[in-house]
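Chains as they are written, first to last, in this note's numbering: chain L, 277 to 585; chain V, 277 to 585; chain P, 277 to 585; chain W, 277 to 585.
If you are wondering where the hints come from, they were derived from the structure by calculation, not from laboratory data.
These figures come from a predicted structure and were not determined experimentally.
Check the hints yourself; a few may be wrong.
No copy is singled out in the list; a pair is fine if it fits within one copy or between any two copies.
What the hints assert, rightly or not - Okay, derived cross-link-like pairs now, DSSO-like style, lysine-lysine, Cα gap no bigger than 30 angstroms in a straight line:
#, residue 1, residue 2
1, K393, K456
2, K393, K303
3, K435, K393
4, K283, K456
5, K320, K363
6, K524, K456
7, K524, K363
8, K404, K393
9, K524, K404
10, K363, K283
11, K283, K320
12, K320, K404
13, K503, K480
14, K282, K363
Number of protein chains: 4
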Amino acid sequence: MNEIPKKFQVTPADVNGFMNSLSNWGKWGNNDQVGCLNYITPEKRVSAACLVREGIAVSAAAPLPTVAAADNPDPVRHLMIATGLDKESFSSNDYFAFGHHAYAITHLDALCHIFHKEFMYNGYSREKVTSGGAELNSIDAVRSGVTTRGILLDIARLKGRPWLEPGEAIVPDDLEAAEKRAALHVDRGDFLLIRTGRFAYREKNGPWNAQERLAGLHASCLPWLHKRQVGALGCDGVSDLIPSRVEKVRMPIHLVAVVAMGLHLLDNADLEALGAACSERMRWEFFFTLSPLILLRGTGSPVNPLALF
Amino acid sequence: MNEIPKKFQVTPADVNGFMNSLSNWGKWGNNDQVGCLNYITPEKRVSAACLVREGIAVSAAAPLPTVAAADNPDPVRHLMIATGLDKESFSSNDYFAFGHHAYAITHLDALCHIFHKEFMYNGYSREKVTSGGAELNSIDAVRSGVTTRGILLDIARLKGRPWLEPGEAIVPDDLEAAEKRAALHVDRGDFLLIRTGRFAYREKNGPWNAQERLAGLHASCLPWLHKRQVGALGCDGVSDLIPSRVEKVRMPIHLVAVVAMGLHLLDNADLEALGAACSERMRWEFFFTLSPLILLRGTGSPVNPLALF
Amino acid sequence: MNEIPKKFQVTPADVNGFMNSLSNWGKWGNNDQVGCLNYITPEKRVSAACLVREGIAVSAAAPLPTVAAADNPDPVRHLMIATGLDKESFSSNDYFAFGHHAYAITHLDALCHIFHKEFMYNGYSREKVTSGGAELNSIDAVRSGVTTRGILLDIARLKGRPWLEPGEAIVPDDLEAAEKRAALHVDRGDFLLIRTGRFAYREKNGPWNAQERLAGLHASCLPWLHKRQVGALGCDGVSDLIPSRVEKVRMPIHLVAVVAMGLHLLDNADLEALGAACSERMRWEFFFTLSPLILLRGTGSPVNPLALF
Amino acid sequence: MNEIPKKFQVTPADVNGFMNSLSNWGKWGNNDQVGCLNYITPEKRVSAACLVREGIAVSAAAPLPTVAAADNPDPVRHLMIATGLDKESFSSNDYFAFGHHAYAITHLDALCHIFHKEFMYNGYSREKVTSGGAELNSIDAVRSGVTTRGILLDIARLKGRPWLEPGEAIVPDDLEAAEKRAALHVDRGDFLLIRTGRFAYREKNGPWNAQERLAGLHASCLPWLHKRQVGALGCDGVSDLIPSRVEKVRMPIHLVAVVAMGLHLLDNADLEALGAACSERMRWEFFFTLSPLILLRGTGSPVNPLALF
């Protein structure tokens with residue numbers, strides 16, 4: 277595991293500080309439930325659409341895993357209700373059952389997904405999330421989807437490597453170096469995607485327990501994300517570096533980004549095809565769209581995000 | 277129920293004839309699994325993106341129903357795995373279980389969904405769909421989603437009515453009249469959406485057993501759809517008129533469109549917001565995108581399609 | 277609906293009183309989790325076994341309902357994992373998913389199933405039942421099953437009627453009259469079964485919303501149950517009369533029997549075959565056994581109880 | 277792994293022969309669906325009840341596993357519908373979902389569970405088992421449960437060992453030696469239970485992939501089982517020795533016992549407590565009862581069998 281440069285080291289007290297200094301609570305009103313998605317303006321969407329120049333679509337989702345694996349102990353249950361073998365069936369039909377907050381499922385977290393002390397994003401009480409679901413900050417707040425400019429910072433490739441090692445940290449200097457190499461600037465309302473090469477590593481080395489070790493953003497990136505006013509953040513891991521290298525705070529990115537900033541996180545995006553597509557074109561921006569299922573009172577949704585070139 | 281004009285009446289023998297005359301089997305090769313989506317070219321996608329002028333997104337999905345109703349006897353099971361009430365939980369988490377081929381769930385049918393005699397689209401044997409799922413024509417063939425020009429033919433509104441009656445038939449003349457009113461022409465590779473006003477009717481009159489009665493396209497529309505080379509078809513019902521008015525053939529649109537033509541159907545789209553958005557702008561075309569979950573070997577997927585103006 | 281005789285009328289204050297006067301909290305120690313099952317001694321089991329004289333077994337369960345009905349809006353999901361149609365399958369296999377606390381499923385309630393204020397049976401905090409399940413009073417406390425003398429008080433038959441009307445109340449006088457007719461005495465540790473004829477009524481008149489109206493025990497039976505020291509209680513309804521005829525208390529039997537007395541309730545037993553078997557023999561006692569699935573931390577279990585003559 | 281004595285070696289051809297020589301097809305009529313359970317007569321049940329002398333009940337079930345393990349990749353899904361933490365809930369409630377034909381779940385196989393060529397027990401076509409479930413030989417044929425004399429042949433203990441090694445074979449000589457030691461004779465209609473000590477081994481050594489290696493009955497026991505006319509067979513493994521030591525036949529016991537003989541198999545019974553109870557009493561017979569859930573058209577059921585002393 278790479279060392280965290282001294283200037284980027286983060287203590288639990290720093291994380292606590294971020295909960296205030298990076299907070300967007302109240303910024304979009306006391307009733308807001310979508311947080312940084314407010315950065316994505318109609319103008320932003322229009323200019324993003326102008327990035328569709330070739331008409332090529334690339335998915336950023338991994339197939340939903342239906343078989344248990346080291347990074348996926350609770351796979352999706354897929355059962356057939358009717359098949360072509362049933363003599364009189366006019367149609368086939370099936371059934372899917374799963375919890376999508378898993379380390380091998382591409383999904384978007386709702387803002388009700390993470391708690392800090394008694395609260396969730398915008399200061400709502402965590403007690404609004406009961407056995408009946410989330411009364412506030414649920415995924416159905418994002419029913420019109422997310423459409424904006426996508427930017428891929430392919431940290432692995434831009435470092436000339438096939439992947440970051442599981443547990444390898446990304447710090448703000450890496451983000452800025454990647455920006456420079458990509459000749460662009462992460463801006464207000466962008467959907468920022470971070471490629472660590474996790475799925476390439478998995479392809480080569482097999483699945484591992486991702487809950488124990490994943491490359492990702494070190495907590496020192498939080499002020500940077502806040503300053504750049506990104507609209508949403510995605511990663512082929514879970515954005516968070518695991519282990520976090522911040523004592524006693526398991527997932528500082530989830531904690532601060534979701535609860536304080538109101539930043540939606542796209543977890544476990546498969547960025548292999550997208551990384552290749554960007555590299556081939558030497559172009560790291562594209563039209564990006566995803567639309568969660570309208571799961572009422574839900575804590576997130578599996579998604580199949582699309583990048584269009 | 278309105279009468280079917282004589283010139284549009286369809287017999288079972290006609291439907292049988294359509295299975296040949298409207299067939300696209302082999303048209304895109306013997307290994308094709310996406311059918312009419314082949315009509316959607318990169319150029320089509322680029323010109324569709326140019327329709328994004330205001331940066332406004334409108335969802336065409338109904339929320340996933342979690343409560344049983346007359347049109348939804350098998351609702352989505354939504355259960356919490358962790359809540360804000362659990363003292364030590366850092367996060368909330370949930371679980372969803374459902375069969376999406378239901379009359380109240382917005383979903384895209386895969387081409388393996390419908391059988392005719394021993395076959396499915398492109399002449400593949402129906403026996404390729406077993407308890408293990410669909411080996412061919414499954415929804416994961418559409419993993420890069422569908423992105424193209426969307427056109428809404430708002431049949432109800434263009435007739436000056438809030439909705440068509442359940443069971444009311446739409447015939448080709450209606451489609452062409454609607455085109456004329458909308459001042460556009462349904463073209464190769466378009467995603468054609470048909471609004472019958474079903475969700476407005478439901479809002480007003482409550483849910484009813486949609487398996488017994490739904491407004492939709494009469495079988496006489498099939499040659500028209502084929503001639504226009506639409507890329508995909510969606511409806512706020514199930515595209516098919518129910519009852520079909522074709523003796524002994526319950527769902528001729530599903531049968532011919534899916535099996536013979538290889539046309540993907542979007543069922544139970546909620547087109548109320550989209551109808552209003554179009555009407556307000558007097559503009560019935562838009563950028564349209566949907567991306568099914570990558571459910572391996574699955575027979576379809578719930579979706580949340582987006583229209584962008 | 278029959279009137280409740282004045283001497284048996286019960287007020288909310290009476291119910292509150294029962295919570296104390298009929299309480300068994302602490303009676304079997306501060307760690308007890310099985311309540312009145314403690315009344316069933318080894319001797320009781322031995323003498324119950326002597327009731328097996330003919331070697332005839334009769335089930336007291338209704339088939340698990342897999343189709344939605346008025347009394348069963350959330351049926352059991354039954355899906356095949358492998359069938360005989362799958363060419364290479366050596367075996368068939370299936371999957372069941374359900375919540376068993378339903379008005380059409382024969383199940384045994386665990387003592388954690390009901391709360392009163394901040395508590396459940398034996399004074400344990402209701403907060404011991406979290407998203408992780410029940411830490412105390414869960415169904416796995418009954419892992420060695422229940423085996424004892426069963427007694428059927430067939431109230432309907434002993435009144436000379438095929439069934440009680442939905443909503444018809446049973447009061448202590450009815451229980452004692454039934455005892456007299458059956459020439460037996462409900463005693464310590466018996467499994468008392470009450471037949472209202474619900475399933476006969478359902479067979480004849482079709483399913484109805486049982487949450488609104490069911491024949492059952494009026495709250496005035498509670499002191500009687502307590503005095504007789506029954507080991508467990510079952511009914512073809514849910515034991516509780518619905519509506520309860522006690523203002524503001526929806527299910528006084530569930531409340532007092534489960535929380536105060538620690539009495540396990542068997543809900544929705546199908547007592548048609550058992551009623552006929554008893555009547556034919558003019559014998560209302562039998563060996564009775566049921567064994568809940570060992571569902572760790574669960575709130576109850578579907579069961580298939582057996583009566584042996 | 278112990279060697280199979282020459283006289284007990286079994287070839288694929290022998291297994292094929294057993295399909296005829298040990299067949300009970302037609303023995304109880306062409307419509308029979310319960311096979312060897314016919315051996316359990318009312319008289320048998322009455323005399324079994326006489327074995328209840330102490331009134332002590334012992335469960336033979338393992339708790340339903342809710343956590344993934346090496347022998348249990350598809351654990352039971354247990355989710356709460358309502359908890360004690362939900363402020364206004366009167367009751368707790370939960371949901372279970374699972375396929376019970378798993379190597380760590382105590383369950384009874386229905387006679388539709390296994391196929392041989394085109395058939396299942398009694399010569400019914402395997403095509404009677406479709407996506408709609410089993411039309412014949414389903415578990416609901418056993419709705420009155422199984423009640424008879426139980427006999428435990430505790431092979432491990434009677435050999436003076438804590439357990440048999442995974443993969444260790446039991447041959448007819450072992451069964452007869454165990455009978456002798458237990459001073460009893462396995463007879464018509466008995467529920468025969470075989471203890472290999474699997475759960476003791478698991479307790480000590482942790483879970484392993486039981487699909488690869490389990491102690492159990494070698495195929496040479498089949499004629500013995502047939503001759504003795506046992507009513508049902510259970511084991512703490514899956515009865516079958518794994519690997520079977522019969523070339524190309526993975527599960528000869530399942531194959532011949534279920535399909536040819538119509539013998540119900542109880543898989544993965546936890547026989548630790550029962551073994552101890554028998555050993556303590558030096559008594560290997562008891563009253564034994566189990567009652568499958570009435571899962572219509574199901575291929576088996578999880579059960580919690582009880583032994584009574």
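Hint by hint, here is what the structure shows:
no., hint, in the structure
1, K393 / K456, "neither (38 angstroms within a copy, 59 angstroms between copies)"
2, K393 / K303, "within (20 angstroms within a copy, 40 angstroms between copies)"
3, K435 / K393, "neither (38 angstroms within a copy, 56 angstroms between copies)"
4, K283 / K456, "within (21 angstroms within a copy, 66 angstroms between copies)"
5, K320 / K363, "neither (53 angstroms within a copy, 41 angstroms between copies)"
6, K524 / K456, "neither (34 angstroms within a copy, 62 angstroms between copies)"
7, K524 / K363, "between (59 angstroms within a copy, 18 angstroms between copies)"
8, K404 / K393, "both (14 angstroms within a copy, 20 angstroms between copies)"
9, K524 / K404, "both (26 angstroms within a copy, 26 angstroms between copies)"
10, K363 / K283, "neither (69 angstroms within a copy, 35 angstroms between copies)"
11, K283 / K320, "neither (34 angstroms within a copy, 50 angstroms between copies)"
12, K320 / K404, "neither (33 angstroms within a copy, 45 angstroms between copies)"
13, K503 / K480, "neither (36 angstroms within a copy, 48 angstroms between copies)"
14, K282 / K363, "neither (69 angstroms within a copy, 35 angstroms between copies)"
Going through the hint list in order, the structure does not satisfy hints 1, 3, 5, 6, 10, 11, 12, 13 and 14.
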